[in-house]
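Put together the whole structure using the sequences plus the hints.
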Amino acid sequence: MLTRKQYDLLHFIHQRLQRDGVPPSFDEMKDALDLRSKSGIHRLITALEERGFIHRLPHRARAIEITRLPESLESSNGFRPAVHEGSRPERPAAAYGVEAASVELPVMGRIAAGTPIEAIQQVSHNVAVPAAMLSSAGRHYALEVKGDSMIEAGINSGDIVVIQEQPTAQNGDIVVALIEGEEATLKTFRRRGSTIALEAANPAYETRLYQDHQVRVQGKLVGLIRTY
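First residue of the sequence shown: 85, per the working numbering; consecutive thereafter.
No lab work stands behind these hints: they were computed from the structure. Just so you know, even glycine gets a beta-carbon here, dropped at the ideal spot from N, CA and C. It cannot be assumed that every hint is accurate.
[Stated by the list, open to error] In silico DSS-like pairs for lysine-lysine, Cα to Cα no more than 30 Å straight-line:
#1 LYS304 to LYS230
#2 LYS230 to LYS89
#3 LYS89 to LYS122
#4 LYS122 to LYS230
#5 LYS89 to LYS114
#6 LYS114 to LYS304
#7 LYS122 to LYS304
[Stated by the list, open to error] Now the in silico label distances, taken between C-beta atoms and shown as ranges:
#8 GLN295 to GLU249: 31 to 41 Å
#9 GLN99 to GLY136: 15 to 25 Å
#10 VAL207 to PRO154: 40 to 50 Å
Laid out in structure tokens, this is it:
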């Protein structure tokens, strides 16, 4: 039996995993549930884990997987958890693994989650991604992450991010941004009038501000593949 706050938090995490392929930050959870501090979120997360609804991956920032949902959410979202051999539930394919129905995508080299690097130009190899991760609209491609500036968004160095190619973004989207036509980076997009902020998800990195004409969105994060 879940309290209302526990249910609301589980629902919010599930929605964000479906939408972005990565779980929300504790700050986003706090704001979504209108709590005053992150300590309340810690208590809710612990309660959900104790009740078997989520699993936290050790030593990884924001690495939360949903192992089961209440029937009311399962019926409306078509959630079907699978189980590994043994007791540990399988990682949701949309966030952490590859399911049987997969599509080959080109890996267009590396993308910086840190200081911007040169723009991606060439295909290095292909990677299989879950078909359910891809939308019917637009082209998709994959990039290997280099750096740790997005670690609190659950994106680690060495991960493969799946990108839907598109020229626009909404505030809060994690995007591939091309800076002055030369450097590409993976950051959270925020527009403030004629200024664009590219935000890291690591307090060790500063938010970088650019004029609108200096930044071109190359695509939006729709999924993540991690190899263990």
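Results of checking the hints against the structure:
1. LYS304 to LYS230: holds (17 Å)
2. LYS230 to LYS89: With Cα atoms ~36 Å apart, LYS230 and LYS89 exceed 30 Å; violated.
3. LYS89 to LYS122: holds (14 Å)
4. LYS122 to LYS230: With a Cα-Cα distance of about 29 Å, the restraint between LYS122 and LYS230 holds, given a limit of 30 Å.
5. LYS89 to LYS114: holds (11 Å)
6. LYS114 to LYS304: The hint holds at about 24 Å.
7. LYS122 to LYS304: holds (28 Å)
8. GLN295 to GLU249: 31 to 41 Å: At 23 Å between Cβs, range violated.
9. GLN99 to GLY136: 15 to 25 Å: holds (20 Å)
10. VAL207 to PRO154: 40 to 50 Å: For VAL207 and PRO154 the Cβ distance comes to about 43 Å; the hint holds.
Hint compliance for this structure: hints 2, 8 are not met, and every other hint is.
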